[in-house]
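*Asks:* Here are the chains, one letter per residue:
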Amino acid sequence: MLEHPIAYINHAVKIRPAQVWKDGSILFDKPDQTDFFRYLYDACSGQYPKFHKMDPLAKLGWLGSEILLQGIDFSRYQPEDIAVILSNRSSSQHTDEKYYKTIENIASPALFVYTLPNIVIGEISIRHKFKGENSFFIFDTFDTVSMHGYVNALFASNQAEACLCGWVEYYDDRYEAVLYWLEKDPQGLALPLEEQELKKLYLK
Amino acid sequence: MADLKVQIIQQLNLQEVKPEDIDNDMSLFKDGLGLDSIDALELIVLLQQNYKIKIANPDDGPKIFQSVRTMATFITEHQTAQ
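Chains as they are written, first to last, in the working numbering: chain Y, 1 to 204; chain W, 1 to 82.
Be careful, since some hints might not be right.
[Unchecked claim] Mimicking BS3-like on lysine-lysine, the simulated pairs with C-alpha atoms at most 25 Å apart in a straight line are:
(1) Y:Lys129 to Y:Lys50
(2) Y:Lys101 to W:Lys52
(3) W:Lys18 to Y:Lys131
(4) W:Lys30 to Y:Lys98
(5) Y:Lys50 to W:Lys18
(6) W:Lys54 to Y:Lys129
(7) Y:Lys98 to Y:Lys131
(8) Y:Lys204 to Y:Lys22
(9) Y:Lys98 to W:Lys54
(10) W:Lys54 to Y:Lys101
(11) W:Lys30 to Y:Lys50
No lab work stands behind these hints, which were simulated from the structure alone.
Whenever a hint applies, use it, and build me the whole structure from the sequences.
*Replies:* In structure tokens form, the structure reads like this:
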């Protein structure tokens, strides 16, 4: 007998250069936009001036979460029950290098605060008032085995009722984000939380 | 003070703020322009980079950075004293 999935992938967002997909459908395809992040900010959200101070990694994760969470009512969860688990390859190296260059003159406090990858989790959590479990992992590639195992354990141990999860990579103007929204009840895409499904979301 | 407003906008990357949005006596923090503690550090960097001024006593910070006018007054007094 098949076991009931511990959680479902209810929504997913993928951002690659000049393109955004949500739940499998293309949402934006704007190769003519020179500042794609600013375009997405204006198109999807706006009214959050702190966005302009973020480093590119935080902007990417923040934009991904804005698009992912649009239309989702997560007010039924306690803030402590919403987890954010992210991963990438380059950590915060893009900003680390920019900050290092400022040390030669006068170090920039505004850059320094982004010299940790998990700051993107902080920016998302502040925006949406999430206070649950959070972790940021560094992998060579999107490690679906580890991400599935970790998040599965969170749901199994009742440490999360919902989870924003995925891959947010930015280095040297190359970027990619694959974010998905997990809940215990099926809605939207309603894909079972399985390693193969995570792999498909990333590769598709 | 108009130049100082432009410098503040550039230094703090306030992309949605125009110089004319900043009143000379508007509070730079809290309910005014809404700057935070990192912005305060960036204002200290601005004084060092643009005016070669270092704040000797950190306790003077809140008074100096109260508004554009208090910043301009501090810069003028310091440049006169140099």
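*Asks:* Each hint needs a verdict: does it hold in this structure or not?
*Replies:* For each hint, the structure was consulted:
1. Between the alpha carbons of Lys129 (chain Y) and Lys50 (chain Y) the distance comes to roughly 15 Å, so the proposed pair stays at or under 25 Å and holds.
2. Note on Lys101 (chain Y) and Lys52 (chain W): the hinted pairing holds, with a Cα-Cα distance of about 20 Å set against a maximum of 25 Å.
3. With a CA separation close to 34 Å, the supplied pair Lys18 (chain W) and Lys131 (chain Y) exceeds the 25 Å bound.
4. A hinted pair counts as satisfied when its Cα atoms are at most 25 Å apart, and Lys30 (chain W) with Lys98 (chain Y) does not qualify at roughly 29 Å.
5. For the hint pairing Lys50 (chain Y) with Lys18 (chain W), the CA-to-CA distance comes to about 15 Å; that is within 25 Å, so the pair holds.
6. For the hint linking Lys54 (chain W) to Lys129 (chain Y), the alpha-carbon distance of about 38 Å lies beyond 25 Å, and the restraint is violated.
7. Using a Cα cut-off of 25 Å, the hinted pair Lys98 (chain Y) and Lys131 (chain Y) is violated, with the two alpha carbons roughly 30 Å apart.
8. Between Lys204 (chain Y) and Lys22 (chain Y) the alpha-carbon distance is near 12 Å, which keeps this suggested pair within the 25 Å criterion.
9. For the suggested pair Lys98 (chain Y) and Lys54 (chain W), the alpha carbons sit about 24 Å apart, so the restraint of at most 25 Å is met.
10. Using a Cα cut-off of 25 Å, the hinted pair Lys54 (chain W) and Lys101 (chain Y) holds, with the two alpha carbons roughly 21 Å apart.
11. A hinted pair counts as satisfied when its Cα atoms are at most 25 Å apart, and Lys30 (chain W) with Lys50 (chain Y) qualifies at roughly 14 Å.
Comparing the model with each numbered hint stated earlier shows that hints 3, 4, 6 and 7 do not hold.
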